[in-house]
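2 protein chains.
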Amino acid sequence: MELTFVTSNEGKFREAAEIAAGYGIKLNWKKMKYLEPQGSNLEEIARLSAEVLSRELDGRFFLEDSGLFVEALKGFPGPYSSYVFKTIGNEGILRLMEGVENRRAYFLAVIAYFDGKNVRTFSGKAEGEISTEMRGSKGFGYDPVFLYGSKTFAEMGGEKNKISHRRKALETFFSYVMRNQG
Amino acid sequence: MELTFVTSNEGKFREAAEIAAGYGIKLNWKKMKYLEPQGSNLEEIARLSAEVLSRELDGRFFLEDSGLFVEALKGFPGPYSSYVFKTIGNEGILRLMEGVENRRAYFLAVIAYFDGKNVRTFSGKAEGEISTEMRGSKGFGYDPVFLYGSKTFAEMGGEKNKISHRRKALETFFSYVMRNQG
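Protein chains in written order, with the numbering used here: chain A, 1 to 182; chain B, 183 to 364.
For the record, the hints were derived by calculation from the structure and aren't laboratory data.
Backbone N, C-alpha and C define an ideal beta-carbon position, used for all residues, glycine too.
It is possible that part of the hints are untrue.
Unchecked claim - Label pairs and their in silico Cβ distance ranges:
(1) A/21 x B/234: 30 to 40 Å
(2) B/226 x A/74: 20 to 30 Å
(3) B/210 x A/159: 21 to 31 Å
(4) A/100 x B/256: 21 to 31 Å
(5) B/253 x A/31: 48 to 58 Å
(6) B/361 x A/72: 14 to 24 Å
(7) B/357 x A/140: 43 to 53 Å
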């Protein structure tokens with residue numbers, strides 16, 4: 001079967017296409033930016049994005065959104081992780097977490113799938129902690145401050161893709177689609 | 183003449199209605215939440231919000247969005263001021279600014295007006311600095327950490343409304359509408 005992934009990010013598309021292949025799914029790339037509404041949580045934002053986009057696009061498609069959620073910061077930077085990274089960055093996160101004991105955090109990825117009629121969401125989580133300093137040079141974004149076990153995501157390289165929030169969300173989604181095809 | 187202000191915030195509506203009255207404008211309140219897209223700046227967000235909303239509402243209307251922009255933090259919290267306030271709050275802003283010499287910041291308000299055909303934006307700014315501690319108990323949001331001259335907005339009370347970014351944006355907008363009516 002074929003599915004269409006709407007994203008302007010080539011790296012995301014390639015990672016997803018590789019995982020999809022394992023399910024016998026051929027992924028098509030719809031390379032475009034779309035309107036992302038503001039919202040109180042990622043599920044809501046992904047769902048609204050897909051609903052708005054479904055008025056523009058023909059047929060079925062899915063999109064993905066993700067973010068870092070720090071428990072002691074009430075979920076900040078959460079839905080606005082990308083804007084926060086571009087402004088205060090990892091230095092900002094470490095500063096906000098100086099002396100804070102509870103360092104629990106998670107990455108969340110949400111997929112919103114428009115099946116031609118309705119939007120369904122699927123999510124994946126990677127739970128870890130905020131480190132006390134930046135470590136590692138692989139990956140991108142918040143990877144250097146996100147501890148998963150004893151390593152940060154930026155120290156893990158390829159291993160990260162095996163346990164990432166995005167992979168979990170994609171696997172949940174692809175399994176659903178294969179079970180419900182036809 | 184009459185204008186419709188779309189906002190779910192009664193305080194904002196009342197302040198605007200009072201200023202409008204000074205221009206001989208009667209303000210109608212359309213109390214509703216609307217979809218606010220994410221975007222790189224407030225103008226873009228306000229404009230897109232109005233464009234999306236213009237497909238739903240009949241006739242002319244305007245809406246308003248505002249935020250705090252801190253120069254040393256690359257404009258953070260900017261378009262996401264309200265989310266950032268709900269999570270890391272004023273304590274977070276002070277922490278991020280600890281030991282930072284350049285404390286320049288401004289409040290920006292943007293009005294997007296749909297005139298039945300096109301969307302136009304109007305803006306107002308209040309320039310000041312981030313204080314080193316919270317001061318004052320009036321106002322709301324970032325007011326206790328925003329120094330305007332020697333006082334914070336939270337120490338100013340009524341005076342603040344005379345020089346606020348929102349008032350400036352509303353005055354620019356109402357002047358435009360009065361010049362171009364008919």
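Cross-check of the supplied hints:
no.: 1; hint: A/21 x B/234: 30 to 40 Å; in the structure: 37 Å, holds
no.: 2; hint: B/226 x A/74: 20 to 30 Å; in the structure: 27 Å, holds
no.: 3; hint: B/210 x A/159: 21 to 31 Å; in the structure: 59 Å, violated
no.: 4; hint: A/100 x B/256: 21 to 31 Å; in the structure: 23 Å, holds
no.: 5; hint: B/253 x A/31: 48 to 58 Å; in the structure: 35 Å, violated
no.: 6; hint: B/361 x A/72: 14 to 24 Å; in the structure: 52 Å, violated
no.: 7; hint: B/357 x A/140: 43 to 53 Å; in the structure: 47 Å, holds
The structure shown violates the earlier hints numbered 3, 5 and 6.
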